[in-house]
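> Sequence:
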Amino acid sequence: MDYQFRFWHSLFNPGKLAFALDNEEQDYQIQGYQSRFFIILGLTILFFVIREIWGMGSENLTSLWAANLEQEYIISRYLSLFGAIIKGILFFAFHYYFISLCLSILTDQSFKAISKIQVFVIASILLEKLILFIIFALSGFTTPISFLSLGPISTYLTNDSFIIYFFNQLTIATAATIVIQYSFLSKWEEESKGLLLTKIIAIQIFFALVTAGISVLPLYDYVTKVVGL
Numbered sequence: 138m139d140y141q142f143r144f145w146h147s148l149f150n151p152g153k154l155a156f157a158l159d160n161e162e163q164d165y166q167i168q169g170y171q172s173r174f175f176i177i178l179g180l181t182i183l184f185f186v187i188r189e190i191w192g193m194g195s196e197n198l199t200s201l202w203a204a205n206l207e208q209e210y211i212i213s214r215y216l217s218l219f220g221a222i223i224k225g226i227l228f229f230a231f232h233y234y235f236i237s238l239c240l241s242i243l244t245d246q247s248f249k250a251i252s253k254i255q256v257f258v259i260a261s262i263l264l265e266k267l268i269l270f271i272i273f274a275l276s277g278f279t280t281p282i283s284f285l286s287l288g289p290i291s292t293y294l295t296n297d298s299f300i301i302y303f304f305n306q307l308t309i310a311t312a313a314t315i316v317i318q319y320s321f322l323s324k325w326e327e328e329s330k331g332l333l334l335t336k337i338i339a340i341q342i343f344f345a346l347v348t349a350g351i352s353v354l355p356l357y358d359y360v361t362k363v364v365g366l
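Counting in the working numbering, the sequence shown tops out at residue 366, every number present.
Worth flagging that the hints you see were computed from the coordinates, not collected in a lab.
Being a predicted model, the structure only gives us computed values, none of them experimental.
The reader is advised that the hints may include incorrect statements.
Claimed, not checked - Below, a list of computed lysine-lysine pairs in the DSS-like style, where the Cα atoms sit at most 25 Å apart: (1) K324 - K153; (2) K330 - K249; (3) K266 - K224.
What the hints assert, rightly or not - Quick list of simulated restraints, FRET-style, between CB atoms: (4) G331 - L264: 24 to 30 Å; (5) I223 - F144: 25 to 31 Å; (6) G192 - I300: 26 to 32 Å; (7) V186 - P289: 24 to 30 Å; (8) G192 - D159: 42 to 48 Å; (9) I268 - Y215: 27 to 33 Å; (10) L354 - I187: 24 to 30 Å; (11) S247 - I190: 34 to 40 Å; (12) D159 - L216: 44 to 50 Å; (13) E327 - I187: 42 to 48 Å; (14) I268 - I351: 21 to 27 Å; (15) K153 - M193: 34 to 40 Å; (16) S217 - E327: 47 to 53 Å.
Note that the Cβ used here is the ideal one computed from N, Cα and C, for glycine as well.
All chains should be built: construct the whole structure from the sequences, respecting the hints.
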């Protein structure tokens with residue numbers, strides 16, 4: 138039997154897709170998934186490229202232009218653009234492969250099946266990033282704290298950078314990720330669904346803590362000291 142993968146239909150009917158994925162190695166053939174996979178991948182890379190062209194994350198290159206170092210500026214922009222493409226690929230790979238591997242290990246579910254679900258997660262995160270980008274582009278400036286997260290609220294409660302960056306990782310997309318993953322994985326879970334939800338949330342909290350830790354570390358100073366610059 139064939140299952141026709143349609144993005145929105147599959148997203149809002151997790152039971153049907155979960156059943157097809159669970160029986161993929163037997164009778165079911167999932168049609169149309171590969172094209173959606175490459176569309177999401179392409180959109181991810183395109184977003185990072187457009188954000189780079191706009192100048193988000195490459196503000197420090199302006200000093201080269203201001204110093205009349207035109208050739209150095211052009212080379213730096215091309216290198217920065219190449220870096221944006223790599224970032225887009227790594228972002229996609231992290232969520233599609235690495236997070237799927239973590240969930241597979243914690244839940245004893247199929248890595249292949251979980252990875253297919255991750256396209257919905259990536260799309261939700263990408264949509265949130267797109268909203269932020271549009272707001273920043275219209276306003277003409279960026280902020281390290283997302284208004285779609287708990288970061289702004291945490292600033293009223295504490296001045297600790299680590300805590301603020303931690304809550305800044307807990308966004309609307311984070312909630313959407315938990316809902317999407319639980320909606321599908323719970324179809325395969327025959328025992329404790331509460332434990333499954335706990336594991337899914339734990340992964341989000343863990344990587345939020347890691348990201349917050351990286352955000353407050355003076356990595357640039359460490360790297361320059363190591364390489365002797």
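> Against each hint, give a clear statement of whether it holds in the structure.
Results of checking the hints against the structure:
1. K324 - K153: Satisfied, since the Cα-Cα distance of roughly 10 Å is no more than 25 Å.
2. K330 - K249: holds, 21 Å
3. K266 - K224: Cα-Cα ~14 Å, so holds.
4. G331 - L264: 24 to 30 Å: holds, 29 Å
5. I223 - F144: 25 to 31 Å: About 26 Å separates the Cβ atoms of I223 and F144, which means 25 to 31 Å holds.
6. G192 - I300: 26 to 32 Å: Cβ of G192 to Cβ of I300: about 30 Å, so the range 26 to 32 Å holds.
7. V186 - P289: 24 to 30 Å: holds, 28 Å
8. G192 - D159: 42 to 48 Å: Holds, at about 46 Å.
9. I268 - Y215: 27 to 33 Å: Roughly 28 Å apart at Cβ, these two residues keep to the hinted range, so it holds.
10. L354 - I187: 24 to 30 Å: With a Cβ separation near 28 Å, L354 and I187 satisfy 24 to 30 Å, so the hint holds.
11. S247 - I190: 34 to 40 Å: holds, 39 Å
12. D159 - L216: 44 to 50 Å: holds, 45 Å
13. E327 - I187: 42 to 48 Å: holds, 44 Å
14. I268 - I351: 21 to 27 Å: Holds, since I268 and I351 (Cβ atoms, about 23 Å apart) stay within the stated range.
15. K153 - M193: 34 to 40 Å: This hint holds: roughly 39 Å between Cβ atoms.
16. S217 - E327: 47 to 53 Å: holds, 49 Å
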